[in-house]
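Sequences are here, hints too, so could you generate the full structure?
Residues -24 to -1, 1 to 162 in mature numbering (1 follows the signal peptide of the UniProt record, and there is no 0) are what the sequence shown spells out, letter by letter.
In case anyone wonders, no lab produced these hints; they're calculated from the structure.
Predicted model only: the values in this text are computed from it and were never measured.
Just so you know, even glycine gets a beta-carbon here, dropped at the ideal spot from N, CA and C.
Some clues are possibly wrong.
As the list claims (entries may be wrong) - Per label pair, the in silico range of CB-to-CB distance:
no.: 1; residue 1: Ser81; residue 2: Ser25; range: 28 to 36 Å
no.: 2; residue 1: Gln12; residue 2: Thr58; range: 30 to 38 Å
no.: 3; residue 1: Gly108; residue 2: Asp154; range: 38 to 46 Å
no.: 4; residue 1: Pro103; residue 2: Ile153; range: 33 to 41 Å
no.: 5; residue 1: Leu3; residue 2: Arg59; range: 33 to 41 Å
no.: 6; residue 1: Glu82; residue 2: Asp156; range: 32 to 40 Å
no.: 7; residue 1: Arg149; residue 2: Val70; range: 17 to 25 Å
no.: 8; residue 1: Ala4; residue 2: Pro63; range: 38 to 46 Å
no.: 9; residue 1: Phe123; residue 2: Glu82; range: 32 to 40 Å
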Amino acid sequence: MKTRWLALSIGTIAAIALTHTAQAVELANGTTAFLQPPQFLNAFTTNDSVMRRNATYFFTLDLPANADAALQRVVIEPQNLTRHLQPYRLDQTVAFSETAGDERSELGLGNISVNEDTKAVTVEFNPPVTPGRQVTIGLRPQRNPRFDGIYVFRVITVPEGDQPQSHIAGHGRLYFIDNDSDRLYP
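Here is the structure:
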């Protein structure tokens, strides 16, 4: 029985590898998935001081050429200290991509939303991002968090398709410092 299951599993994997399309890998149950999933590369902020305005939080990931699925959306979900995060200015969200030749191009954005309970931001691309690019998303908070510390964000990628299988690409950390510890906040 184990040998039969193993043979079926290997056969299924081989069939997926041989029959993949540029659209996405479609599993037997109709789920679409990345053949080679995106990987989180970097997170940084343009201003790391607490309570400062005009910062942008950038999250960069690599969508490899052999991903075999276009990137439909990215979810950026804070993992800690969520009560200290300030609301985002969703209408000021930016996204761009870079190719191996360092060509930078702005990406079209669709719906951008935030889950009020988890503070997770979902950024949809319109059209979906084709494989073989580095993708950077910039989120603009109203201001930086009130308290210093390390803020961790989970970056989840979702391929194009009717029944997409999401993938945790990695975790980003933003470090905020209090340059004026004598300051009293209202």
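Here's how the hints hold up against the structure:
no.	hint	in the structure
1	Ser81 - Ser25: 28 to 36 Å	holds, 31 Å
2	Gln12 - Thr58: 30 to 38 Å	holds, 31 Å
3	Gly108 - Asp154: 38 to 46 Å	holds, 41 Å
4	Pro103 - Ile153: 33 to 41 Å	holds, 39 Å
5	Leu3 - Arg59: 33 to 41 Å	holds, 38 Å
6	Glu82 - Asp156: 32 to 40 Å	holds, 36 Å
7	Arg149 - Val70: 17 to 25 Å	holds, 21 Å
8	Ala4 - Pro63: 38 to 46 Å	holds, 42 Å
9	Phe123 - Glu82: 32 to 40 Å	holds, 34 Å
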